[in-house]
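Participant: The chain contents come next:
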Amino acid sequence: MAGRVLVGVKRVIDYAVKIRVKPDKTGVVTDGVKHSMNPFCEIAVEEAVRLREKKLMKEVIAVSCGPQQCQETIRTALAMGADRGIHVEVSGKDYENLGPLQVSKIMAALAKKEEASLVIVGKQAIDGDCNQTGQMTAALLDWPQGTFASEVSVDGDGLKVEREIDGGLESVRIKMPAVVTADLRLNEPRYATLPNIMKAKKKKIASVKPADLGVELTSRLEILAVEDPPQRQSGVKVESVQDLVTKLRDSGTL
Amino acid sequence: MFPACKYTLQARQCLCSLKVLQREHLPSLICATRWSSSSSTTPRITSHYTVYPRDKDPRWEGVNMERFADEADVVIVGAGPAGLSAAIRLKQLAGEQGKELRVCVVEKASQIGAHTLSGACIEPSALQELFPDWKERGAPLHTPVTEDKFGILTEKYRIPVPILPGLPMNNHGNYIVRLGHLVSWLGEQAEELGVELYPGYAAAEVLFHEDGSVKGIATNDVGISKDGSPKDTFERGMELHAKVTIFGEGCHGHLAKQLYKHFNLRQHCEPQTYAIGLKEVWVIDEKKWKPGRVEHTVGWPLDRHSYGGSFLYHLNEGEPLVALGFVVGLDYQNPYMNPFREFQRWKHHPTVLPTLEGGKRIAYGARALNEGGFQSLPKLTFPGGMLVGCSPGFMNVPKIKGTHSAMKSGMMAAETVFSKLTNENLQSETKGLCVPEYEENLKNSWVWKELYSVRNIRPSCHGLFGVYGGMVYTGIFYWILRGKEPWTLKHKGLDSAQLKPAKDCMPIEYPKPDGKISFDLLSSVALSGTNHEHDQPPHLTLKNDNIPVNNNLAIYDGPEQRFCPAGVYEYVPKETGDGMRLQINAQNCVHCKTCDIKDPSQNINWVVPEGGGGPAYNGM
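Sequence order for the protein chains is D and X. Note that my numbering has the first sequence beginning at 1, numbered continuously upward. Note that my numbering has the second sequence beginning at 1, numbered continuously upward.
Hint data in this document are derived by calculation from the structure and do not stem from the laboratory. Hints should not be assumed to be uniformly reliable.
Here are the simulated distance ranges between beta carbons [unchecked claim]:
1. X:K99 - D:V21: 43 to 51 Å
2. X:D285 - D:S150: 49 to 57 Å
3. X:K99 - D:T30: 35 to 43 Å
4. D:G168 - X:G318: 46 to 54 Å
5. X:G62 - D:K237: 55 to 63 Å
6. X:E147 - D:Y15: 35 to 43 Å
7. D:I19 - X:N551: 39 to 47 Å
8. D:D228 - X:E485: 52 to 60 Å
9. D:K204 - X:E61: 39 to 47 Å
10. X:G318 - D:S150: 43 to 51 Å
11. D:K204 - X:E533: 28 to 36 Å
Subject to a maximum C-alpha distance of 30 Å in a straight line, what follows is the list of computed DSBU-like cross-link-like pairs (lysine-lysine) [what the hints assert, rightly or not]:
12. D:K202 - X:K231
13. D:K175 - D:K54
14. X:K56 - X:K231
15. D:K199 - X:K431
16. X:K99 - D:K202
17. D:K201 - X:K99
18. D:K112 - D:K160
19. X:K360 - D:K25
20. D:K22 - X:K290
21. X:K512 - D:K237
22. D:K54 - X:K231
23. D:K22 - X:K135
24. X:K516 - D:K247
25. D:K247 - D:K237
26. X:K503 - X:K492
27. X:K516 - D:K237
28. X:K287 - D:K22
29. D:K201 - X:K231
Cβ atoms here follow ideal geometry from the backbone N, Cα and C, with glycine treated the same way.
Here chain D stands alone, though its shape is the one from the complex (with noise of 0.2 Å):
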């Protein structure tokens, strides 16, 4: 029954970073900046490797789409307990197009490849927040899916997976194979230690282009500018509510 777990991480800046704008407007300043894995990634590593350890998955596959900085990435996935890795090598405008929609052909077909039975990632990523990755995949391979869990278990030859939604928690039982999203109450992920990193120079992580899967890479979005958003004014202090309405149809509000 254990079957393969395929996750997918991303390299994002770290978040406690303060971001730049390029003064160009195309994006962001990422060199030299420091980086880490997508903390909703780290989320979906550490469920796939509980599975494997209870022994409800045989192997846990880290997928990471990029340049040659992505194998850190996947490397630290190792060291948490992934059993093996796939770079997608993606580099230069191609890197800079790649979107979800991108991604999730290369996962769909990775998962075909791999005869993976679950592919889990984070729900979405603290760079692009598009939330979209995971929706396409199963839409891809006409997969089941369970987005934002806070609860996965295996239920027979299917998972029931408590998702989080606005008015609360919803229960969904969906059958094998299926894509899972990770959100933040999933669980809280281990870390890296060092011996870890040691035994996970020696895991092996195999490239592959995304030529090779048959995918193509093309973008129908074409980024204009990225800009900062407008300085924040300050507000002002009003003493009485007579004051706020007169403010208020000053400016045209009301």
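Given the coordinates of chain D, work out where chain X should sit on it, guided by the hints.
Facilitator: Then chain X, alone, in the frame of chain D:
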């Protein structure tokens, strides 16, 4: 006991110091076990296991404390210029002579260069020795110095001072660099040579053999919660054993602090003295940009008795960038001094403001630096290890450069260690190798001569005329006589002992930041990108939780809330309403070490937090 003829004098001295220590009681983990006699109203601040040991803590009963251990030939603590130069040199020698050597470097920053901060204007001499082909390899030295300017500032004016050739500050042949990028590049070179680099893992503990020599280090434990109890994710750090451990933690390293006590390395030298350096990087208006220009000032806003000054370097790396900053000697006496605010108000000086007008600040950071020089150099080697770089402190203060000597010390350490390791007839009395040749070779090198020749310049600033007396002294004794005077002036003593009580001093009125040229502390700290896992014991540990309010606040008005460049220390009113308490915002810490240095009660002990935490400098 040992046949005297068999060992060299230095090895015997090593052994003698060890025997002395063995007579005393040696704890393997240095920790202050003074239990905080918390008065009923002082809330508990410190929970770190170095103050409250875990073997006596009931929450840790039954927790597996075993550690995974691994062996290397050499372990280096700290991937800065000194540590990386040592690693690279070891691998270069191993390659040349066809020997196998396992070199591991542990670094607390999440990526190499992320905790590096310096002006910096470097002398390429050591780099040239390490990599004669550094230009072809693409070392990021893009900005040769084209102009050298020095001035004395008064509140409104600037008195130019000529930089004649021969003065320590003359920068002909030097380069303005972003040291973080250079360190990153050194890291890449090291990896290519086969050095094992482990960024994100801090060395938290020194390990000892039974004979008292250094066995290696252990990395930090992870998964301890804020109150000191184990979390589900708790995991022990790892032990890295080595024949020799090289400590290159930079200025005022926390393991070096333990080693000084343990091996009594500071017996025959003066205490180290320090300064704090704050730095910002700005993108300025192209019209104001003069790539290659180096500007230094002394004087305003500091008075002549406070050592310090500013730097402003125009980088030439594509964008019109300037690196600017302010250094304040930590021997200042007025507890109301706030180095961060001195820096911010200096930027408003009429000769500095025009350069920054219309520009944008993109980075901020701070770090302590050494000022002690020659008089404060400790003993550098001990059984099983040695100290390199700014940790013992090879900075040439009047030259305002320390990178070249740090790198050279790393390289010399590597050369002496390598010859010891490959010596087949080696007989060592201790399991950890003693390498006294490192210190001997250093004494015969240009590093020593350089430090000796400038040894009196910094202490000469303690006289009646303060910094200006120092400048006159430099002119006579250094420029003309090349530092050959037969006397060696002393420093004033420990920096932490220099503060006068608050009641004897005048509070300083600082102007409010305007948000365009000068800024407030918290937005600056945000720019440093610093962060720490919040659920861990604060790494700014206090030996006694009562002292901050009873001593620091009562007598000195809490100087730590002013000298910390990251807003870690705050005195806030207690929730119960009866008095103040110290709040430690450990997450803000930028690892500058100033608090450990300047705390008048010497109650603050900076220990390393979980690896990967701290600032995220990019090319600082």
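Participant: Which hint numbers doesn't this structure obey?
Facilitator: none
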